[in-house]
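K.L.:
Spelled out from the first residue to the last, the chains are:
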Amino acid sequence: MMRFAVAVLTVVLTVAGFADAEEKRARRVAVPVVKIEKGEACVAPTEEMRRDHMNMLLHQRDRTLRQGLRESRFSLKNCVDCHASRQTGSVLGKEGFCSSCHTYASVSMDCFECHTPLRQTRAASAPR
Amino acid sequence: MSPDRRQFLGWGAAAAAGTALAPVIKLIELAQARSPQEAASALQRWGLLIDITKCADCDVCVTACHDENGVTGYGRPETDAQWIRKVNLRDRRTGYAQTLPLMCQHCEHPPCVDVCPTGASFKRDDGIVLVDKHTCIGCRYCVMACPYGARSFIHETVSGQKADVPRGKGTVDSCTLCVHRVDRGETPACVEACNRDGGKAMAFGDLNDPSAEIHRRLRSEPSTQVRADLALNTGVRYQGL
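Note that the protein sequences, when read in sequence, are chains A and B.
The numbering used here applies: residue 1 is where the first sequence begins, and numbers increase by one.
The numbering used here applies: residue 1 is where the second sequence begins, and numbers increase by one.
Among these hints, one or two may not hold up.
Label-pair restraints from in silico Cβ distances [as the list claims (entries may be wrong)]: (1) B/Pro147 <-> A/Glu40: 52 to 60 Å; (2) A/Met109 <-> B/Lys200: 39 to 47 Å; (3) A/Asp52 <-> B/Ser159: 25 to 33 Å.
Derived from the structure by calculation, the hints contain no laboratory data.
Note that beta-carbon positions come from the ideal geometry of N, C-alpha and C, so glycine has one too.
Using the sequences plus the hints, can you model the full thing?
P.N.:
Spelled out as structure tokens, the structure:
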């Protein structure tokens with residue numbers, strides 16, 4: 001009986017400990033918000049995108065700039081067009097698609113030092 | 001003699017082929033734009049021809065350029081970026097005054113590319129000289145090397161960039177010959193604005209294409225390069241200078 005009680009207590013404490021740690025972690029860094037605003041599917045399966053999106057962008061940027069190949073599939077403009085928030089029109093900000101994950105993973109990104117994080121509205125891109 | 005059935009059908013087929021092909025040929029003529037899957041090619045060399053005698057006392061090219069490319073200033077002419085500017089020339093003896101737009105001359109042998117320590121400053125196969133801001137470290141050697149003063153350094157954080165024209169603090173930039181428009185088969189913003197609202201002084205085209213208007217004019221009319229003594233073979237040519 002005693003042994004059983006100890007076992008139960010251990011299990012309860014362990015679970016509580018985990019929950020507590022989880023909660024602390026959650027409080028310390030906000031869990032990323034992944035809101036898909038537009039489109040059915042991304043340009044590649046989710047697993048591949050999570051692992052390799054930076055490589056796709058890296059290759060695409062050199063092809064576009066140096067060779068003039070403007071394929072839209074892996075272009076940053078294409079990313080922003082689908083993933084920008086409906087409210088702010090941006091992929092940055094507190095719940096921005098790019099920034100919320102990057103903040104959580106503590107990985108800095110330099111794309112938006114130069115590139116605009118805003119979705120281009122149809123009115124802005126239409127000829128004057 | 002009446003044509004037999006076979007001959008009649010032959011005429012019909014020829015007429016149908018003719019009507020079907022005509023628009024296709026027309027489209028091929030019009031379609032200057034490469035497909036997005038096709039790389040810029042050394043068979044082309046993009047350039048400008050600017051007739052200064054028609055260059056009016058206006059700055060629509062400058063305004064259009066800076067609008068198109070999101071080049072904004074802070075009212076500090078010493079450090080604000082300038083992709084294109086109007087230069088006023090005046091002969092001291094006679095007082096004869098001229099005005100001309102000056103921008104990156106898209107040289108065949110660009111000094112900015114020679115001096116760049118990281119390879120960020122480069123010439124695309126079709127002759128357009130660009131800065132790869134991914135590798136630009138902001139050393140400003142190219143700013144010093146350019147004989148035309150075409151390059152600017154971005155001193156302050158930029159916001160509100162255009163999607164096609166990324167610009168950021170700590171890098172150098174200059175006229176891109178509106179490469180994003182050229183890739184779509186359009187003309188640069190300055191040329192479009194000059195021909196719409198200005199003196200119709202600017203023309204854009206492929207210097208290598210014998211059928212292009214710019215090629216014909218360069219072949220048959222006198223033109224000059226700014227600082228031709230440097231033998232850079234510029235892509236921007238002037239008339240009436």
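K.L.:
May I ask which of the numbered hints given earlier this structure violates, with the numbers listed in increasing order?
P.N.:
No numbers; nothing is violated.
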